[in-house]
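> Residue numbers (the working numbering), protein chains in the order written: chain F, 42 to 288; chain Y, 8 to 311.
Everything labelled a hint here was simulated from the structure, so no lab data went into it.
Since the structure is predicted, the reported quantities are computational estimates derived from the model, not experimental observations.
Glycine included, each C-beta is placed from N, C-alpha and C at the ideal position.
One or more of the hints may lead you astray.
Now the in silico label distances, taken between C-beta atoms and shown as ranges [to be verified]: (1) Arg111/F - Asp278/Y: 45 to 51 Å; (2) Ile85/F - Asp150/Y: 53 to 59 Å; (3) Asp66/Y - Val102/F: 54 to 60 Å; (4) Val240/F - Ser107/Y: 38 to 44 Å; (5) Ala50/F - Lys119/Y: 29 to 35 Å; (6) Leu113/F - Val291/Y: 26 to 32 Å; (7) Ala81/Y - Pro264/F: 57 to 63 Å.
Straight line, CA to CA, 16 Å or less: simulated EDC-like cross-link-like pairs of lysine to aspartate or glutamate [to be verified]: (8) Lys76/Y - Asp233/F; (9) Lys168/Y - Asp233/F; (10) Lys215/Y - Asp233/F; (11) Lys76/Y - Asp232/F.
If you only want the chain Y side, here are some residues facing chain F, beta carbon under 8 Å, derived [what the hints assert, rightly or not]: (12) Asp174; (13) Thr177; (14) Pro179; (15) Pro200; (16) Asp210; (17) Lys215; (18) Ala265; (19) Lys268; (20) Thr279.
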Amino acid sequence: MNIVAQTLAWLTDPANWQGPNGIPVRTAEQVAISGTSLLIAVLIALPIGLWIGHTGRGTTVGVNVANLGRALPSLAVIGIMLPITAALDPQLGFKVYPTLIAMVILAVPPILVNAQTGVGEVDRELVEAARGMGFAEHHLLARVEMPIALPVILGGLRSASVQVVSTATLGAVVGFGGLGRYIVDGVSQNDDGQLYGGVVLVAGLALLTEASFGLLQHVLTSPGLRLERAGASETAMWVAPEAAARP
Amino acid sequence: MRSFRTLALGASMLVLVGACATGGGSNSTVKVGSVGFDEARVMAEIYAQVLEANGYTVDRAGIGIGDRKVLLPALESGQIDLQPEYIGSGLAAGYGGTSSNDPATNKIDLQKALEAKGVGITVLDYTPGVDTNALVVRQETADQFHLATWSDLTAVQDQLKWALATDCSTSPVCAGALKDAYGIDVAKLDVTPLGACTTPMADALANKTVDVAELCSTSPEIIVNGWVRLEDDKATQPADNIAPLVRNDLLSKVDKVAFSKLLNDVSAKIDTPTLAALYKEIAVDKKDIADVARAWLTANGLLP
Numbered sequence: 042m043n044i045v046a047q048t049l050a051w052l053t054d055p056a057n058w059q060g061p062n063g064i065p066v067r068t069a070e071q072v073a074i075s076g077t078s079l080l081i082a083v084l085i086a087l088p089i090g091l092w093i094g095h096t097g098r099g100t101t102v103g104v105n106v107a108n109l110g111r112a113l114p115s116l117a118v119i120g121i122m123l124p125i126t127a128a129l130d131p132q133l134g135f136k137v138y139p140t141l142i143a144m145v146i147l148a149v150p151p152i153l154v155n156a157q158t159g160v161g162e163v164d165r166e167l168v169e170a171a172r173g174m175g176f177a178e179h180h181l182l183a184r185v186e187m188p189i190a191l192p193v194i195l196g197g198l199r200s201a202s203v204q205v206v207s208t209a210t211l212g213a214v215v216g217f218g219g220l221g222r223y224i225v226d227g228v229s230q231n232d233d234g235q236l237y238g239g240v241v242l243v244a245g246l247a248l249l250t251e252a253s254f255g256l257l258q259h260v261l262t263s264p265g266l267r268l269e270r271a272g273a274s275e276t277a278m279w280v281a282p283e284a285a286a287r288p
Numbered sequence: 008m009r010s011f012r013t014l015a016l017g018a019s020m021l022v023l024v025g026a027c028a029t030g031g032g033s034n035s036t037v038k039v040g041s042v043g044f045d046e047a048r049v050m051a052e053i054y055a056q057v058l059e060a061n062g063y064t065v066d067r068a069g070i071g072i073g074d075r076k077v078l079l080p081a082l083e084s085g086q087i088d089l090q091p092e093y094i095g096s097g098l099a100a101g102y103g104g105t106s107s108n109d110p111a112t113n114k115i116d117l118q119k120a121l122e123a124k125g126v127g128i129t130v131l132d133y134t135p136g137v138d139t140n141a142l143v144v145r146q147e148t149a150d151q152f153h154l155a156t157w158s159d160l161t162a163v164q165d166q167l168k169w170a171l172a173t174d175c176s177t178s179p180v181c182a183g184a185l186k187d188a189y190g191i192d193v194a195k196l197d198v199t200p201l202g203a204c205t206t207p208m209a210d211a212l213a214n215k216t217v218d219v220a221e222l223c224s225t226s227p228e229i230i231v232n233g234w235v236r237l238e239d240d241k242a243t244q245p246a247d248n249i250a251p252l253v254r255n256d257l258l259s260k261v262d263k264v265a266f267s268k269l270l271n272d273v274s275a276k277i278d279t280p281t282l283a284a285l286y287k288e289i290a291v292d293k294k295d296i297a298d299v300a301r302a303w304l305t306a307n308g309l310l311p
């Protein structure tokens, strides 16, 4: 049986859709760890990125910390964190936290840098005009800068989520479940159907994540900005911030 | 005159071709491979260094290439030429044979299985040292559940958390043996799949993530942590002496007798305490595998 046939056979075998090692459970685990780590990364990276972008202070620090995060290989992070977290909690600290921490570290750089850049690149004239109109700083950030920066911020979130969803497979090496289980076990048991079945599922989930965030980006972008991005006239650019600034 | 020259040319060509065919070790590259855990790696490194010291070129890319189910196809297809095999487990898990407690029988049966499959591989001599699969528990677990043998696990199997090799569920000497001889059904237990005999496996036991871990009988963590190695009372685990499996097409390119003797002399000096000591130096003392191999070979006068 060739690889394609083996993979299809594995994916369509009802036995692989049941029980604790079944596709629904493993997909749920993959989504759960990805979602949790993204949420934590957003809580850490978004405020910092927004603050740096808004105040213009610490841009170099922000970029450098983000680059450091990108340079750390996730598998190394898992290996380093494991003895530490396992000592704190024998169950989750062994099977879940190392992977969770590694995924948070993976997700922070794109979210932080995009928030910083997105807010930082809002036209300074608009910002000054809003200040001139009497906007308080936090209103300025929330009602002028963020709506304009939103597509870029969501772009960072989109990039981070796709990376996390596909890299969370590493957790299987230290006993976590998720879709990585099929890849690790498929190699170990020389079961190509399982291995490539896992690959197909992870790729599918990553593509679905990408498409979902793409849609979210489109839906949440202010209509005025959408017009501008579609290459509309100068007037559209002036319409947009007023529309965004209106309470 | 011309015919004499042609004859002389022909004769010298024959000599040249003949010399190349029986070529010595100096230009032959030996591709050495092994599974991932430290003991297998150090055995492969020991064989590699002895070969290099005797004029062979060694390609180490295959060391630690993966589990047996990845390694054997690599050997059979010629991706690697030599790997140190645990002859009992290799026979059972690799070639569907029945392994026994007697290494001589295992070697014969393994060679027969290889010939039956027609893969052109020879089993050289095996080490007196043995390593086999071990189920290990912490002392307090042994005390709490009165565990001394594998049979003792049957009654309390679902009260314990297990860590087993990632290929256990499809291995006849793991899931198969546990079910048939001991009535332990791994599919129904709380099992964390980890690499057999690896550091995460030992960590899982040390951190109390699991209660029963699958390690190797020579794993140094057992001694270092004062863990209890349960006795395989129904003798399901194979006698796992180590022997190099070598491709015949490599043997035909080298001086087969000299090559075999080189490796056999090394194997003869590896007994079980040696295996445990080598393994400990790497896994516990964190010494470099190549250094440990070199030190042992030098101490035993095996490097010229």
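> Run every hint past the structure and note whether it holds.
Hints and how they fare:
no. : hint                            : verdict
1   : Arg111/F - Asp278/Y: 45 to 51 Å : holds, 49 Å
2   : Ile85/F - Asp150/Y: 53 to 59 Å  : violated, 45 Å
3   : Asp66/Y - Val102/F: 54 to 60 Å  : violated, 46 Å
4   : Val240/F - Ser107/Y: 38 to 44 Å : holds, 39 Å
5   : Ala50/F - Lys119/Y: 29 to 35 Å  : holds, 33 Å
6   : Leu113/F - Val291/Y: 26 to 32 Å : holds, 27 Å
7   : Ala81/Y - Pro264/F: 57 to 63 Å  : holds, 59 Å
8   : Lys76/Y - Asp233/F              : holds, 11 Å
9   : Lys168/Y - Asp233/F             : violated, 29 Å
10  : Lys215/Y - Asp233/F             : violated, 33 Å
11  : Lys76/Y - Asp232/F              : holds, 9 Å
12  : Asp174                          : holds, 4 Å
13  : Thr177                          : holds, 5 Å
14  : Pro179                          : violated, 13 Å
15  : Pro200                          : holds, 6 Å
16  : Asp210                          : holds, 6 Å
17  : Lys215                          : holds, 4 Å
18  : Ala265                          : violated, 35 Å
19  : Lys268                          : violated, 34 Å
20  : Thr279                          : violated, 27 Å
Going through the hint list in order, the structure does not satisfy hints 2, 3, 9, 10, 14, 18, 19, 20.
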